[in-house]
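Protein chains: 4
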Amino acid sequence: MNKKLKDVQNSIDDRGVEIQKVGVKNVEVPLTVQRKNSENQIVSAKAQLCVALPQKYKGTHMSRFIEILTEWEHKDLGIDIKGCLIDILNKLNAQKAEVKFNFKYFIKKTAPVSKKTSLMGYDCSFKGSYKINGNYKFVLGVKVPVTTLCPCSKEISDFGAHNQRATISVHVTYNENDMIWIEDLIEDIEKCGSCPVYPLLKRADEKYVTEKAYNNPKFVEDVLRDIVLILRKNKKITGFEAEIEAMESIHNHSAWAYQKEEL
Amino acid sequence: MNKKLKDVQNSIDDRGVEIQKVGVKNVEVPLTVQRKNSENQIVSAKAQLCVALPQKYKGTHMSRFIEILTEWEHKDLGIDIKGCLIDILNKLNAQKAEVKFNFKYFIKKTAPVSKKTSLMGYDCSFKGSYKINGNYKFVLGVKVPVTTLCPCSKEISDFGAHNQRATISVHVTYNENDMIWIEDLIEDIEKCGSCPVYPLLKRADEKYVTEKAYNNPKFVEDVLRDIVLILRKNKKITGFEAEIEAMESIHNHSAWAYQKEEL
Amino acid sequence: MNKKLKDVQNSIDDRGVEIQKVGVKNVEVPLTVQRKNSENQIVSAKAQLCVALPQKYKGTHMSRFIEILTEWEHKDLGIDIKGCLIDILNKLNAQKAEVKFNFKYFIKKTAPVSKKTSLMGYDCSFKGSYKINGNYKFVLGVKVPVTTLCPCSKEISDFGAHNQRATISVHVTYNENDMIWIEDLIEDIEKCGSCPVYPLLKRADEKYVTEKAYNNPKFVEDVLRDIVLILRKNKKITGFEAEIEAMESIHNHSAWAYQKEEL
Amino acid sequence: MNKKLKDVQNSIDDRGVEIQKVGVKNVEVPLTVQRKNSENQIVSAKAQLCVALPQKYKGTHMSRFIEILTEWEHKDLGIDIKGCLIDILNKLNAQKAEVKFNFKYFIKKTAPVSKKTSLMGYDCSFKGSYKINGNYKFVLGVKVPVTTLCPCSKEISDFGAHNQRATISVHVTYNENDMIWIEDLIEDIEKCGSCPVYPLLKRADEKYVTEKAYNNPKFVEDVLRDIVLILRKNKKITGFEAEIEAMESIHNHSAWAYQKEEL
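Protein chains in written order, with our numbering: chain A, 157 to 419; chain B, 157 to 419; chain C, 157 to 419; chain D, 157 to 419.
Just chain A, same shape as in the assembly (with noise of 0.2 Å):
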């Protein structure tokens, strides 16, 4: 019975190859995230958990990883992320740790007239990495529904013009002692588009959107040129990804638009 329950991951490896990421993918778990101006929210979230695997050990302990997240249950998983990494490193006796969650997270949305409120859901994700004696860094993803409205249909046409919902995609990495809070950072990125996008519009407001579209038209060049200038102008922000998909409302496929820079 002992040898049957013998610890094969921990035998020795002759191949020679340290892995550069091994763990566990697409693992529920309920997530404690910190809220502006408000208490935390709990969302289901999709993780993910590695580590880097020195290359004399034949395999990581994968239920090690599944362990701290059930631990960080009861603890605030999603405010703590730093901690996290740190219990991965010691539990797993590892030099390096990355950890990443996908959300869905709830903001309240005020139309612009009518002045009604209701719940718009945002795709957000963190990213932590660490390494023994080395940085923390911190990865802040928002995905940002907003209306675009063309300005070549625009100028072409006698009168309307093609709109459509676009998504725009943006990851900000910034420093271990700033902060940035996801309702600022959308905030931020919704007004690039032509319109935000609302769950609640009333007859008021859907004339409002309409004309302030019409009014302000855009190709995925101007938001995302509009984007990359807001992003270099926070202090705080150190690096990003930012990416636009336009559903073309006159086609079947999408216009699209990306920059990553350092700053």
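There could be a bad hint or two in this list.
Identical chains blur together in the list; that is why a pair holds if it fits in one copy or across any two.
To be verified - Okay, derived cross-link-like pairs now, DSBU-like style, lysine-lysine, Cα gap no bigger than 30 Å in a straight line: (1) K214 x K272; (2) K260 x K181; (3) K212 x K389; (4) K358 x K181.
Since the hints were made in silico from the structure, they are not lab data. Treat the numbers as computed from the prediction; the structure is a model and nothing was measured.
Following the hints, complete the assembly by docking chains B, C and D onto the known chain A.
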């Protein structure tokens, strides 16, 4: 200006076509779900709400669906589906309404030997429909991952047997005065595979589940038949749909079985 | 050895449950599809094949489905669905069989003003079922993207109107002796939106589609009603399911309408 | 009229932001792919094409990407990626361009004992980039499903061992004057699992693959290391990314490992 805010949806349509279902889809909302023997769980849901539209009206009022969802965020949407349906009938002045919510629901699982606990997320759904002067109908849906181990592979091989993750999807209808807990339905279904799956398994647990599956080989046909027998025996259930898809470990396709019955 | 290769599937089952559908799912195969006024097109399909299983048999023979698909690669699978079903009934010794193929089908589109052509891919499906001594039933499915422009937004706004890409899904049943071309069904449905979509549009085309959609505003209710009227009028069609989902450009959710009729 | 058809994209932008990538995404096209030892295969692809946009221009000309794809349908797009990139640079007057095609590619597989053949579809990708006066870079991507059988589960259990389908994703870069066949890359990678998967397996084959996997247990770490060693040994390969995700049959999540190397 008044002319501008005309209620176009309310104008007369003369095509003579009554629409069976019209409404909103892929609306993201937080949902309160009643737990067995515990406090409520707040989940992230995708909602679909619709009504039947008489032939004389040009359109329905889509924003009212979102208003109703917003009001119900402060009430117990997910617990009182019927109350939500009655609100829809009233506010949209409709004769028939239907709502559907898909969400991830977390349940604590206990590993079979180590007794370590962890949370596992299950895809669940609530579907309700209601007609004026007619019946309320409710359908509970759950997706349950299990292990299946192939009886043929075991029988013909000198050692080992191929096994894989399979997903069992069950939708059950039951009367308004009855109650079926998500937890109970999942527990019943989970027994029908070769072995349940768990997020957290230590070595002694892994030995247990490996041997249990090997001792309990099942084709998708076997799993489906056992589910059918269990659902038929449940006096509360008045109809069901059951499906199992096994992501075969020796192929790149799935084995699959399906049954629908009125009881 | 002989014992080892026992036919486990063929053994007796005493649970008394006849299985309605059992087979394989998500099998990838090349499929030959007949084009209108042109040579055949080879497409990539996802196949689902199943049979009904009498209560006395423990299991079906899954590998035979793949053998049949393999044989049909050299014949005209996709053109002779009934022939494939008859093969299944024979080789699996079954009373009922059903097959389903989902595939991307390319059609040449001509831009409205520049007359430039380009290929557009449509998601299509073939579904056939057959019973010994019973009827053969065939269902053709197509998904057609179109532009929809909101009548309410146009009416209440001083300029512009929100519009978006919408997907119309239609499944039609027709008699064995009739023939409905994918090309014809798509053309009929495409007319029901505010404007068709195209892969390739030059500036003169973009002006045309922008103004056409603005002159032809339609709610999802309008699109659905026009589709219902067109399908009812087609003498070959004996039943249909129709659905439209508009990815609203002012919201992060969809407007949606659905109809099912036996004619 | 002339005023109407103004080239808005060509107007001057004064924000001073050069855009790294702008173009079209999710364009569906037929693609010609060169087979090893056989005639070409026409596949359905999703295309992404983009250019870098100098800071002075407001926008790129999206319709030209579609024109280029349309012209290349009559040529051997998929075989001459570099030719397509040169066309993009010329027609969009750009300095840098990138294209990416994702497609399903069918390869004949022979069952290990019965020698029966069947076609299996693999997700593949071509990515090419080109700079004026710079280098052409090409990346070939393949996804290869295999069986993995857990060494720990085998060691600690009295009988059986959990196994599952795992997907290996590999992207390799190689020099312009070299050629790596999709068929060869897949064959090399497939050997790194516990056993390959096949669409068609008769009983003698099923016995063979069951026993082969049991005799060849591998963690995701083992599979990744064997892939790394094979790719490092291939003199043509100048860099790679490799990833394996095993859809654990005893969990509802995946085990996962990743490596990226410049050689």
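- Task: Please flag the earlier hints that this structure goes against, numbers listed from lowest up.
- Result: Violated hints: none at all, because every hint is consistent with the structure.
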